[in-house]
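Residue numbers (UniProt numbering), protein chains in the order written: chain A, 1 to 283; chain B, 1 to 283; chain C, 1 to 283; chain D, 1 to 283.
Be aware that one or more of the hints could be misleading.
Chain copies aren't distinguished; within one or between two, either way the pair holds.
With a straight-line Cα cutoff of 30 Å, these simulated DSSO-like cross-link-like pairs (lysine-lysine) come out [stated by the list, open to error]:
id: 1; residue 1: Lys24; residue 2: Lys256
id: 2; residue 1: Lys224; residue 2: Lys23
id: 3; residue 1: Lys256; residue 2: Lys14
id: 4; residue 1: Lys256; residue 2: Lys83
id: 5; residue 1: Lys256; residue 2: Lys190
id: 6; residue 1: Lys14; residue 2: Lys268
id: 7; residue 1: Lys236; residue 2: Lys83
id: 8; residue 1: Lys256; residue 2: Lys28
id: 9; residue 1: Lys68; residue 2: Lys23
id: 10; residue 1: Lys200; residue 2: Lys264
id: 11; residue 1: Lys236; residue 2: Lys200
id: 12; residue 1: Lys28; residue 2: Lys200
id: 13; residue 1: Lys264; residue 2: Lys162
Just so you know, the hints here were simulated from the structure itself, not pulled from any lab data. Every value quoted in this text rests on a predicted model; they were computed, and no experiment measured them.
4 protein chains.
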Amino acid sequence: LKVLNCEYGKNTIKFLRLHREGKKHFVKEVEVCTHLRLTSAHEYLDGNNSLVIPTDTIKNIVLVLAKKNGIPTLEQFAIDICKHFMTTFCQVAYVKTYVQEVPWQRLHENGVPHIHSFICVPDGIRFCEAEQCRNGPLVVFAGIKDLKLMKTTQSGFEGFFKNEHTTLPERHDRILCGELFCKWSYGECKDFDFDCIWNKIRECILEAFSGPPDCGEYSPSYQKTVNSIQMLVLSKVSQVIETVLNNTFYNVVDMKNLGLTNDKEVSKCSKHNLPGLFRHTQP
Amino acid sequence: LKVLNCEYGKNTIKFLRLHREGKKHFVKEVEVCTHLRLTSAHEYLDGNNSLVIPTDTIKNIVLVLAKKNGIPTLEQFAIDICKHFMTTFCQVAYVKTYVQEVPWQRLHENGVPHIHSFICVPDGIRFCEAEQCRNGPLVVFAGIKDLKLMKTTQSGFEGFFKNEHTTLPERHDRILCGELFCKWSYGECKDFDFDCIWNKIRECILEAFSGPPDCGEYSPSYQKTVNSIQMLVLSKVSQVIETVLNNTFYNVVDMKNLGLTNDKEVSKCSKHNLPGLFRHTQP
Amino acid sequence: LKVLNCEYGKNTIKFLRLHREGKKHFVKEVEVCTHLRLTSAHEYLDGNNSLVIPTDTIKNIVLVLAKKNGIPTLEQFAIDICKHFMTTFCQVAYVKTYVQEVPWQRLHENGVPHIHSFICVPDGIRFCEAEQCRNGPLVVFAGIKDLKLMKTTQSGFEGFFKNEHTTLPERHDRILCGELFCKWSYGECKDFDFDCIWNKIRECILEAFSGPPDCGEYSPSYQKTVNSIQMLVLSKVSQVIETVLNNTFYNVVDMKNLGLTNDKEVSKCSKHNLPGLFRHTQP
Amino acid sequence: LKVLNCEYGKNTIKFLRLHREGKKHFVKEVEVCTHLRLTSAHEYLDGNNSLVIPTDTIKNIVLVLAKKNGIPTLEQFAIDICKHFMTTFCQVAYVKTYVQEVPWQRLHENGVPHIHSFICVPDGIRFCEAEQCRNGPLVVFAGIKDLKLMKTTQSGFEGFFKNEHTTLPERHDRILCGELFCKWSYGECKDFDFDCIWNKIRECILEAFSGPPDCGEYSPSYQKTVNSIQMLVLSKVSQVIETVLNNTFYNVVDMKNLGLTNDKEVSKCSKHNLPGLFRHTQP
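Produce the entire structure from the sequences given, and follow the hints as far as they go.
This is how it looks when you write it as structure tokens:
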């Protein structure tokens, strides 16, 4: 008798870890998901729970690890969690942990950093994942999501395939706008400076999207820009898992019937090309 | 040079198809995603767009097929779309289509069906997928999502694994509540009565979750209930891809310090155990 | 020294009240907001909290009242809460309570009602409000929201004001679709059968929107339909506070450049005309 | 015969205004709502549309004004819109316009500003409103919303009212966290430097919330902090309409039964105290 999906776990362990150095405070608020697969599936087939680690216990363990070890980096914390489950519970066949950061930044008043006040600045969300099968390597991924970028020129889309269903005009000067998602792998876990690499990759992405500050760089398509981003990220890490720029289309408003010539000054955002609908599948 | 994710497409082609039989109207409002992979990846590597079918053209094709063929069933419509792309464009290596229904139901006034008025009743959303690789079979999936169910007794969780991080008490009478997601495969596409099977599976799910109307059936765990649902669904189709019941936990409010004995009469919904965070990956 | 907004309270007291009659279970899951204004404002001006009833205490009181009295109707529960605060705390100058229902319905299997299983069916959300100033009357409001309705014909919009900025064509056969919000007052609180009236008003709304089941009724504008709904609701209660039908516009897709004549068979939903943005103001 | 709510309009006119100075680009993406009340209500009562300005025309006018005048400031744009409707249409008795900004910021690469690339940084959303009755003054409001702030100490809540329903402990060192909303009035419209004042008020809010960067300032309650913010804002404008800090409560996790002493290092965010539910009322 087959059990199809026997991964289970706790999905929204959200908490704040406060670290104090004298009067100076440091915060890390994270949202953690930890999923397990067990070596047997008796709980599914027979209702025998004797090997099941309750999701409530999973939550407790995550909180205890945060209390004991702190959260030096998101990635190290995800590694700690996976290692704990693999070494503590022999019935665990597979563990996966996802950690996402709430983007708190230290407040500054006239350039002076505040010792205990913070502001939420969601201009790209940092996340990571770690996973391990029993007797397999611990693999670490990281990424950035919800990074919204726009360039108002140096973008076009021409020379595409045409047939009787084509109505899109060719354009050599359009707005390119989208929400970027990029996820990469560090390969088997070694000692990385996760914070430093993450920050460098974020800079790479901004640079590959926008080009030099004084002139930009022409993008002949969404696809080419995605590939440029990937190439630049690959120069920093061993593997890029996925890069997506969820386009937001801006159409120049036709004002001819209103008696006006609109030289791309007024554009309307059409529906976002969200990735949502295929994504209903579980991990 | 590797291109990692060269699937692209249109994600939110949302429209209403109106069908008229005399004065009686029938509506189907759907949201369609259609993704493609091409045989080459020159657009990613060189910015050569000559084989790229613009997402605008993809949208036009979906609308034209809806106009010409109607939407007899969601599944047949997804099949039509896949077949069109595979037979029309030799540069398409892979096509996938997702179709989701907006749950309009005919209005009834005192039991009489209205000829052209409808009400939106989202008690479980129907969706389907079809996909095909060049020279491969066309495979059809279907499913239900966002189906929220609750039973207020005949559910427990006992005899689970315990250690120093366990704080969860054993319970033999708790509320079981969750949002159900179930996706199955029809295998290689043959002639099915998709509407009839979908409705039967929905009934199976309700029955397996709740048990007989006069007494219910005891659930020893979330896992056992998920498996019961799967077994019953499997009796109707060739394969169950995935069944998830995203638990919502209800905790009985402790009223001792308020001088009251709460016999499970007042419960608070704790955080939903949403599947969201692992799901950031693209198709 | 003026204090501008000294209303405070607890906004999301969400809980489930289970009522048992033998083996048959009844559930009411509600979300409650209770706001207060105090007779003085020393907590705002001087940081003197001695009269402040903590929002945590407000929450406890709401839960205790649910435990002791049950929730016979939403409206009676809102009345109970207001009365409790007004009679218990002499420092309360004003109290307002909002109660909204999670739309659980009893499951039926082949027409047989299940004794303890429920399904969530959000086809219009029931809510109510009660408010009272010290020495003033207790006033009760109720309403329905998020009720999505559509008629595919018997709707038009013609003869409107035109000038050089007009581009909308006249239409005598369009789709009318929207999300209905309706709120009414029962006036000063007397003995009403709140459940019965609410159900009758819901029927009135459906009837006024859609007209007779065999032919419908022509709507010359959004405004006229809103007024028809109001008139019918007014026949049941003393006062209609507000009726809004947040239109969703469906535009017939122009398929001329795709070589097809679209006889209103394929329409696209344009942006919803959501009421959201003006609504940022607090109670 | 009374018509209760005869305000109507267009709620989501979202567009991007691009301004070019040589090769340097400036963007303003806004979401505009414009509502009207007409001098008569025949469209509601009789279905006579002859004075109704269609919402489609309202949208066209907003776009035309953006094209012709640009968007020098949000406030000036809202004023322009109100003036246009009041002077052009004698059937308009009242006009109100809301404008909200999408927070695009110019990208910087190594400190160098990019000529045409932007990043979305939503750390507080700017909005404004203008309204006018025929023969009345044009009044301008502005505000900030969705500004999330946190201080990890220098906050407490003590000495509050207690009775048998009180379970909240007194605390002199807690986390204060919330989402700030502040709206003020410029009074009758004169020549203000709207951008400059808005930026100064934002600084005031941060300062009043957090206190001096080297030590902070003790907050004895949510209420006192809200009042401090208001007093500081009042020093810049004629009137504060409303200030709300929608608390997010952080509770220190009790780890005693896990054998650990938690010195406020690990906290869990309980439910947000969202303002949402009372807000269902239309403008």
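Hints, one by one, checked against the model:
no.: 1; hint: Lys24 with Lys256; result: between (60 Å within a copy, 26 Å between copies)
no.: 2; hint: Lys224 with Lys23; result: between (49 Å within a copy, 24 Å between copies)
no.: 3; hint: Lys256 with Lys14; result: between (52 Å within a copy, 20 Å between copies)
no.: 4; hint: Lys256 with Lys83; result: between (64 Å within a copy, 24 Å between copies)
no.: 5; hint: Lys256 with Lys190; result: neither (61 Å within a copy, 35 Å between copies)
no.: 6; hint: Lys14 with Lys268; result: between (37 Å within a copy, 7 Å between copies)
no.: 7; hint: Lys236 with Lys83; result: within (26 Å within a copy, 41 Å between copies)
no.: 8; hint: Lys256 with Lys28; result: between (53 Å within a copy, 22 Å between copies)
no.: 9; hint: Lys68 with Lys23; result: within (21 Å within a copy, 48 Å between copies)
no.: 10; hint: Lys200 with Lys264; result: neither (34 Å within a copy, 33 Å between copies)
no.: 11; hint: Lys236 with Lys200; result: within (8 Å within a copy, 41 Å between copies)
no.: 12; hint: Lys28 with Lys200; result: both (20 Å within a copy, 29 Å between copies)
no.: 13; hint: Lys264 with Lys162; result: both (25 Å within a copy, 27 Å between copies)
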